[in-house]
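S.K.: Letter by letter, the chains look like this.
Number of protein chains: 2
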Amino acid sequence: MSGPDEFDWIARLLRPLATAPEALGLMDDVAVLSPPPGMDLVITADALVAGVHFLPDDPLDLVARKALRVNLSDLAAKAATPFGYLLSIAWPDAVDWHGRALFAQGLAEDQARYGVSLLGGDTVATPGPLTISITALGWAAKGAARLRSAAAPGDVVLVSGPIGDGWLGLQSAQAGRDDRLARRYRLPEPRLDLREILLAGAGGAADISDGLVADTGHIADASGVRILLDLDRMPLSPEASGWLAKQDDNAAGLAQLATGGDDYQIVCTVDPMRAGRLTGFTAMGSVVDGQGVETRYAGQPVNLTRTGWRHGKDG
Amino acid sequence: MSGPDEFDWIARLLRPLATAPEALGLMDDVAVLSPPPGMDLVITADALVAGVHFLPDDPLDLVARKALRVNLSDLAAKAATPFGYLLSIAWPDAVDWHGRALFAQGLAEDQARYGVSLLGGDTVATPGPLTISITALGWAAKGAARLRSAAAPGDVVLVSGPIGDGWLGLQSAQAGRDDRLARRYRLPEPRLDLREILLAGAGGAADISDGLVADTGHIADASGVRILLDLDRMPLSPEASGWLAKQDDNAAGLAQLATGGDDYQIVCTVDPMRAGRLTGFTAMGSVVDGQGVETRYAGQPVNLTRTGWRHGKDG
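Taken in order, these protein sequences are the chains called A and B. Numbered continuously in my numbering, the first sequence closes out at residue 315. Numbered continuously in my numbering, the second sequence closes out at residue 630.
Pulled out of the complex, with its shape left as it was, chain A reads as follows (with noise of 0.2 Å):
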């Protein structure tokens, strides 16, 4: 392989980013962390892959920085404070010294922004795509973490922020637009402003990454009840709006807006006696028994399929 030294990589990009004394200066093969007392670890772990994740051709600091934002974004959601991350990075031939430096420029800026460290990781060569995994740590209050599990019957469902803006900016991106939409896709922002917020009252949560429907989904599927979201009712920014008013159909723009995913709001369940401690939040639903998501137009079903939607009483 031709690429950058490896070793010069580790010592000139990497180690100034192993701020914690935790990190060991990356100097050995492991971090060794003495969790606080009292405290539950929270570990996610995300990849993302140059042609899938990301344009190829998208600037590596807002690669790098949205490949930790999305692991933050899970830890946001269960009311986690991010503490460090490790870094699984398989670079191809064709990334030279400048496109590395970029990349740990990108680390740096998100690393002071949202106070946590490089801990450690690997660094490999690959003949294929740029290829990055990141396995994110934070802390929450014994038994504190907000979870996926949690929703019960009689919870209302709530969302902390516009939806579908993640997928327009995709379009934006693709398009090669660069509007506040497609600044929002290559960057998103962890909602980890929300953490006091979650704690005061939200059951079960998750952070809105396959999509506003999916991950409702699967807060449904770990809970095992049902989940009805009117799209009516869903917030959005005064683009999606836009967008919305030129669409033939309503109900099939808010159920694409709320399929597309890359949003990284957090959707919540919360016992309606709790839900005015949720400030900011927008009321979109509320959980019942059975199993699975159910969303609604004008009091209606909206069948969702993997190739569109369509009206009917069968959802």
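One should not assume that every hint holds.
To be verified - In the EDC-like style, the derived pairs of lysine to aspartate or glutamate whose C-alpha atoms are separated by at most 20 Å in a straight line are:
id, chain 1, residue 1, chain 2, residue 2
1, A, 246, A, 232
2, B, 561, B, 547
3, A, 142, B, 337
4, A, 246, A, 179
5, B, 457, A, 22
6, B, 561, B, 494
What the hints assert, rightly or not - Listed next, the stretches of chain B that the computed footprint assigns to chain A, with coverage defined by at least 3 CB atoms under 8 Å from CB atoms of chain A:
id, stretch
7, 371-383
8, 400-414
9, 451-462
10, 527-537
Keep in mind that the hints were calculated from the coordinates and are not lab data. For each residue, glycine too, the CB sits at the ideal point set by N, CA and C.
Given the coordinates of chain A, work out where chain B should sit on it, guided by the hints.
M.R.: The following block gives chain B in isolation, referenced to the frame of chain A:
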């Protein structure tokens, strides 16, 4: 992408591997662990790429087991007790259901063997080669992890078993042979059996994945010391002894074995007063002031270069 369905793969093949309750049945995006009081978390990540770290036609159960074992080997060298792991895997389309089932079967075998559980991770598609990233977690009593940084001048240097079998095994495997060393190359044995022995005496320790000389160099770098290695004291398997007898230059042959990698033995430093506690280890060097590693044969320096080895006094 037209490979097996990712939800089926997770539900039918991965979920049975999530044996620890902390894995939440893979129904969440995270695992939540309550650290045992008084224990440190020891965490490591290693990635493997088809065609780079294993042969593209290696059986997938062995690939899975090797991916897990190289991570467990890192924990073994720290005298940590493995608990579980997260798996991020990028599948090419070409791997069918049978291949994935074989991969999961390999993980199941080694989970039972080493008492670990799958805790989470991610599964994605890739247009490139099969890429596996594992993050392994273990526990060690607070402050007890054997780090690379603990070597001190005056220590002796010990190795836990034969050196060079990994490199000879790679030659065998590449030549299509299925002898003991080829099988050992495909399926290394992490020295988790040495935990109590390491705790009884070892100072700095590392597993031998890059090669004895390189990994000893990591200890030297992390500890700020110089390490002298006598190649003529290096323990060899019968196969390695047989190979060495056929080489023209004994010192060069030993240097080849000492730089080959994939041995997954443990090299450690120990105060001479405690060396007797490390039963089963072989002494082959010493720690002095300075930096780097000096390899010697018959008391004379052997100069290692990237392209070969020559005798000399400038090593």
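S.K.: Sort out which numbered hints this structure fails and list those numbers smallest first.
M.R.: 7
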